[in-house]
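Enquirer: Sequence:
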Amino acid sequence: MMPDYEVVPDNEVVGWRGQCSCGWQGDRWDRAASPAAADFNHRRDYIAPEESAHASPKVEDAIHNEWKAHIAPSEALLGLEAAARDYNQAGHRLAKTVAAAKASGASWADIGRAVGISRQSAHERWADKPAPLLAEEPHRRPPDGD
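Quick note on numbering: our numbering labels position 120 of the sequence shown as 203, and the sequence is numbered without any gaps.
Simulated from the structure, these hints should not be mistaken for lab results.
Remember, predicted model here, so these are calculated numbers, not experimental data.
Note that CB positions come from ideal geometry on N, CA and C, so glycine has one too.
All the given hints hold, so there is nothing to weed out.
Label pairs and their calculated CB-CB ranges:
(1) A186 / G106: 52 to 58 Å
(2) E164 / E143: 27 to 33 Å
(3) Q172 / Q102: 34 to 40 Å
(4) P213 / G162: 28 to 34 Å
(5) L160 / A186: 34 to 40 Å
As a list, the in silico DMTMM-like pairs of lysine to aspartate or glutamate whose alpha-carbon atoms are at most 20 Å apart:
(6) K179 / D193
(7) K185 / E207
(8) K212 / D193
(9) K179 / E207
(10) K141 / D93
(11) K141 / D110
(12) K141 / D122
(13) K141 / D113
(14) K179 / D169
(15) K151 / D110
(16) K179 / D211
(17) K185 / D211
The task is simple: from the sequences and hints, build the whole structure.
Expert: The structure is reproduced here in structure tokens:
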């Protein structure tokens, strides 16, 4: 049971609608007074007065599809944020690895070839830039005896 919602007896329910925690509400599906008055294309469905007033599976599916259409932009943005986070982390990891390769004696030509760019592009991109430190990288203690 959700707070601030009125409980209505089944025989008094007049329709159904989707709702989101953001405040969005879908259009109402009306409860038709008779089977003849039911018309899915006009958002009317018949549920007998003596039956539970839950929406039919067909109406529930339609409401769920409306809600999914409502949240689609937010879902896409969440995916975009995750991809951007991954991209940034990969960029930091790549820069650290390039710095390690250079410190180990690799040439800009070797580095460029490894990442699929020219020697000049590799040099322009990573020369004179310190390797980034990742916040989640653990601090290493010196070995015992030092």
